[in-house]
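Chemist: Here are the chains, one letter per residue:
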Amino acid sequence: MKHKVVGANVTRVDVKEKVTGAAKYTDDIQPDSFYWGAQIGSNVVSGVLKGVIKNPDFDWSDFVYVDASDIPGENEVESVVSDMPLLATKEIRYWGQPIALLAHRDKHQLEEGLKNIKIEIEENPIYVSTIDESLSLKKEIIPQNIFKKRKIERGDIESGFENAKYVFEDIYYTPHQEQMYIEPNAIISWWEGEKIVVKGSMQCPYYVQASIKTVFHKEDKDVEIIQAYVGGAFGGKEDYPSILGAHAALLAMKANEPVKMVYERAQDISITTKRHPSKTTIKMGFDENHKLTTLQMEFILDGGSYETMSSVILARGMLHAFGPYEIPNVKIDGIIVATNTPPNGAFRGFGAPQSFFATESHIDYCALKMGISPFKLREINFVQRGGSFPTGQLLENDVMIREVYDELLKRVNYPVLRKEIDDFNSLSNTKRRGFGIATFFHGAGFTGSGEVRLASIAGIRLDKNGKVAVLVANTEMGQGAHTVLSQIVAEALELPFDMIYMEEVNTQKVPNSGPTVASRTTMIVGEVLRRACVKMRDAIKYNSLDDYLEKVSQYLGDKESESFFQQHLQPPKIKWDDVNYRGDAYGTYAWAIYGVEIEVDLRSFEVTLKNIISVMDIGEVVHPILASGQIEGGIVQSMGYALYENIIFKNGRFWNADFTNYIIPSIVDIPKMDVSFLNNPYSYGPFGAKGIGELPMNGGAPAVNNAIKDALGIHLTKLPLSPEQIMEAYERDL
Amino acid sequence: MRLELVINGQRYTIDGVLEDRRLLDVLREDLHLTGTKEGCGEGECGACTIIMNNEIRLACLTTAIQANNSEILTIEGLEKDGKLAPIQEIFMRSGAVQCGFCTPGFLISAYHYLKNGGSKDVDSIRHAVSGNFCRCTGYSKIIDGIQESHDLMSFEKNENSSKNSEKEATFIDLTTEKKQNSINSNKKNIFSVSTKEELCEFLKKYGSEAGILAGATDIIPSIRKGGEKRLYFADVSKIKSQFSEIVEDDKNIYIGAMATFKDIQHNPIIKKHLFELVHAAKTIGGYTIQAMGTIGGNIANGSPAADSVPALLIYDATIELTSLNSKREIKLSSFYLGYKKMDIMRGEFISKIVIEKKQFISTGFEEVGSRKAVFISKVSLAHSLKDEELILAAGSVSAFPKRLLEVEKIFLKQDLTKDTLLEYLSKDVIPLDDIRSTGEYRQKTLLNLLWSLRENLLKK
Ligand SMILES: Cc1cc2nc3c(=O)[nH]c(=O)nc-3n(C[C@H](O)[C@H](O)[C@H](O)COP(=O)(O)OP(=O)(O)OC[C@H]3O[C@@H](n4cnc5c(N)ncnc54)[C@H](O)[C@@H]3O)c2cc1C
Ligand code: FES
Ligand code: FES
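One line per chain: the protein sequences are A and B, in this order. Residue 138 in our numbering sits at position 138 of the first sequence; the count goes up by one each step and never skips. Residue 419 in our numbering sits at position 419 of the second sequence; the count goes up by one each step and never skips.
Everything labelled a hint here was simulated from the structure, so no lab data went into it. The reader is advised that the hints may include incorrect statements.
What the hints assert, rightly or not - In silico lysine-lysine, DSS-like type, Cα no more than 30 Å apart, as pairs:
#1 Lys413/B x Lys431/A
#2 Lys24/A x Lys459/B
#3 Lys50/A x Lys221/A
#4 Lys187/B x Lys431/A
#5 Lys205/B x Lys282/B
#6 Lys16/A x Lys187/B
#7 Lys225/B x Lys50/A
#8 Lys402/B x Lys115/A
What the hints assert, rightly or not - Computed Cβ-Cβ distance ranges for the label pairs, DEER-style:
#9 Pro31/A x His266/B: 39 to 47 Å
#10 Lys195/A x Lys120/B: 52 to 60 Å
#11 Glu420/A x Ser124/B: 20 to 28 Å
#12 Phe424/A x Leu412/B: 25 to 33 Å
#13 Lys151/A x Ser124/B: 40 to 48 Å
Ideal Cβ placement from N, Cα and C applies to all residues, glycine included.
Whenever a hint applies, use it, and build me the whole structure from the sequences.
Modeler: And the structure:
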């Protein structure tokens, strides 16, 4: 089907403000008079809070101070599991854990005030920082240090391994990854009578609303949450604004004035949520034809010191862990452990980058061990149309893994590339090149019955002048959501793009269309909107733009506007069993492959990225430039994850809390990328679109690892693939 | 102080500004020009990039006193008479903008690059915006956008000059404004000096309490982190031009200590004679840091990772120290006495670097870092060879960058083994673990770099 607006590179709806500097991000909002807010955090990693002492000789008159006793409602952070206090009262589980809050109109006075506050904590010198330490029970934060366990099972792994000709096992580790949005977390809050208003940099206004309602015992109508321009989020502003928003609102309650909280970079890195570190033990069994018959995995995530939303991240990680393969015997055990680190949270990919690193690295390792090419091994084992995943999910026509794979080999002209690489390697004394691939996928939307539970509502509002406002709570954080949703509405209504505009994302103006996470906005919310558009067209039967305005004014009569809402409808075929983890984990999957060519310097073992090729099936591409921008941005984040990014600890706290030492890729590190799409439309997505936001994060790390394996013949199991690690492995294998 | 600025063609007079208030806060808080962003406050991210006196600059590392009487262009000034600059139009449709937080910084860096005749070459573009980080786009579409803008940007002569600024000035009085913050709450005293003599007297008066605010790229991050103990700083903006000349005579090259790394990398004399210094200059921070940071500041800061130092050591550079009534010269190789300890006396400052012109058989400078721009090196190695005279110098492997005197002795001996080389290397340096790498990695890498250098030299 040919579309008009969908598929066109329309101008982003938010872009003019962004290129002129007019866009107001949270810190750009400057009320005439307001307070700066700050948090008073724990200065130990573990202990028991005894008290907070304010220096009696210091002049506190212009300060506002808040501690847990000021909380009108519950002292908790609303999440999947609300086990974290908003402000600590007794137990301290990590360095920087919020204990109290302070505000002043003058930033320097605020700093002085902070210096005059002493936190008394009975320190517990024993703490656990890593998964292995946690499992050793050197210290028990919660019973056995285990927050949650889950299981996926199919067939019989024991007989599977017995009958296997080859069995290989290894353990893979991944570290914390910081989202490193360029705009740090920022929130401003004020009260209007009984109503609390919170405006800020956030992904999920309705999450913040839920959090504030709990903390203040308020009704929906008394909590207004507004999204400001967001300077990047990547999951890092999914749950944290629920904390920061409540903090600011507490201070504003006592200040009687707006309170602004803007984290400094070091603080943002030190205490906000990160990607969960993981430890994955993986064992694969193959028959004599190299068919992967058996997979056993233990997938452990470091949840940090409170469980919060870790269980859904674990679920997604496990539900991608088996890779794009058909495997008869599978057992995957998922575990979330506790450590004395800030609670980990959402980051693009949501558990899947961790499990794919293990699975896609291990496939290449097994190929090397069995003496067959990793390409061939994948060809033998790819899941086919009509095949199924270990949850029992039947995959019908939307399996595209073989197609993206074939297309990639064609694009890189593999035989020629192979020869080039081999020739180069035989001539160079100090450099080695290698090429590696990773094949992967991502399920869009909430896992399992998540979307049914969310029951998102979105809508459109027809104004008198014929313009149509899009009513969604989904936020624009750079990914282009507002442009893409406007395109879908324009297409569905067959109206010109410029007749569509976005309503402010404000909980008092837009319905709860769910959080802006899980690659769900285009596919799920877009489809809800498309259906809302059908409602409008059923109500106002216009034929074309020619009779549109006339029909609109007939329909509206004296009314200023009319809104059309729609609730999410689960596609009929999806069945999910939450208890046994059986069934259709996701409505559909987007499929992808990366090919990465690298060069290693044999003196310093630095890795240079030479070439990155990506082929993906994301269904119908709504906006080609935005889509490839999402992929390129995701690739670069995944290259950071592969090569550089790592949180370094010192005495139990994060040490490298700046851009100089937390290494994200710079513009000089990244070669030109070749990004292409195969369009296999998804029948339940708007005009055939699938979700894409997280997909590109999943494959970078294993592809680079496999390229290093190709270049040097070494097998690495730990991210980041640092020169230090490569040097050690290379010398060990010599 | 009274701060006089011309910003985007508009003249501003602001009374009662603290000397050490950051230009970033003046723009954002006092003038409500919030297009310039803050992403780190420490010179690392590039979100606060502006143009000041036709030079690219970070507003978070610039104090009010340094900005006084300057002409500034911010993102708000790219649009003229209601018309966007072509590069803005192109960024709008090329996908160069996602969340937009890095965008003002990138636009300003790119605008400055193109305005100064930057080419379409991808590597040059990368270098020009290397001080700007973006976490959203993956950079590709930013590069495309800059390339595409290349042909469309035409620049009128004297654009943005004070021409428009004849308009009436906007006057702002902050004298009674209580809530005015500066770099951080540890108040520092900054004085502007107008002559060399004033500088020397200042240095003499405050001794170990005194510092020189040259590019401020080391000092301001250090004040912010609370690591800067000194209380008094001399802003040398007014005398900078006297001390940043790069000249030559028959025998020597003279580099003013206040020359920036950008001055150095573009200077024809240096390009001709001191190629490794150009190389080092291009790897310091990102481009914005190169445009601000001075070579004198790099030497005087005394960091073990100071990148210009190994490159100067191989040319056997001499530094000139000036005080009120005298001057003295000292070899750079004997300037450092220990970690952040230098042979510099009360009242002295580094005025010049003097390098004798020589013809070398071979020179080189190599750095190993954690990424390819904006990194602090894990190891660096520089060498020069002239007839029989070999100099090897290394950075980040000891308390200060130093010559590898022991290794030099045996380096080109025919029967040298890698083990013997390591033995000698260990007499020169014992690298340590830190936040960026391990001592072991540093040692092995340096050994490997030396070994492959030796193979190359022996071939010559
Ligand atoms: C993001 C970032 C990245 C960086 N990357 C690098 C890098 O890759 N490599 C590297 O080597 N450095 C790097 N630096 C450090 C810094 O930019 C350099 O050391 C720079 O050369 C310092 O010069 P400056 O003029 O800015 O010094 P300032 O900060 O002005 O001064 C630094 C010190 O030198 C003293 N001083 C200045 N001028 C003189 C003089 N003429 N005589 C005597 N004393 C003087 C000052 O009192 C002060 O103690 C980086 C800094 C930042 C913020
Ligand atoms: S704010 Fe990051 S460089 Fe200035
Ligand atoms: S567009 Fe978001 S940081 Fe560059």
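Chemist: Each of the hints needs a verdict: does it hold here or not?
Modeler: For each hint, the structure was consulted:
With a C-alpha separation of about 26 Å, the suggested pair Lys413/B and Lys431/A falls inside the 30 Å cut-off, and the hint holds. Between Lys24/A and Lys459/B the alpha-carbon distance is near 61 Å, which puts this suggested pair outside the 30 Å criterion. A threshold of 30 Å between alpha carbons decides the hint, and for Lys50/A with Lys221/A the separation of about 38 Å lies outside it, so the pair is violated. For a cut-off of 30 Å, the pair hint linking Lys187/B to Lys431/A is broken: about 51 Å separates their Cα positions.
For the given pair, Lys205/B sits about 36 Å from Lys282/B by alpha-carbon distance, which is inconsistent with the 30 Å threshold. A distance of roughly 40 Å separates the Cα atoms of Lys16/A and Lys187/B; the hinted pair therefore is violated under the 30 Å criterion. For the suggested pair Lys225/B and Lys50/A, the alpha carbons sit about 29 Å apart, so the restraint of at most 30 Å is met. Under the criterion of a C-alpha separation no larger than 30 Å, the hint pairing Lys402/B with Lys115/A is inconsistent with the structure, at around 40 Å.
Remark: the range hint 39 to 47 Å for Pro31/A to His266/B is upheld by a beta-carbon distance near 45 Å. For the pair Lys195/A and Lys120/B, the beta carbons lie near 54 Å from each other, so the given range of 52 to 60 Å is met. Evaluation of the 20 to 28 Å hint for Glu420/A and Ser124/B yields a pass: the beta carbon distance comes to about 27 Å. Range check, Phe424/A to Leu412/B: Cβ separation about 30 Å, and the 25 to 33 Å hint holds.
Range check, Lys151/A to Ser124/B: about 55 Å between beta-carbon atoms, so the 40 to 48 Å window is missed.
When the structure is compared with the earlier hints, violations turn up for hints 2, 3, 4, 5, 6, 8, 13 and for no others.
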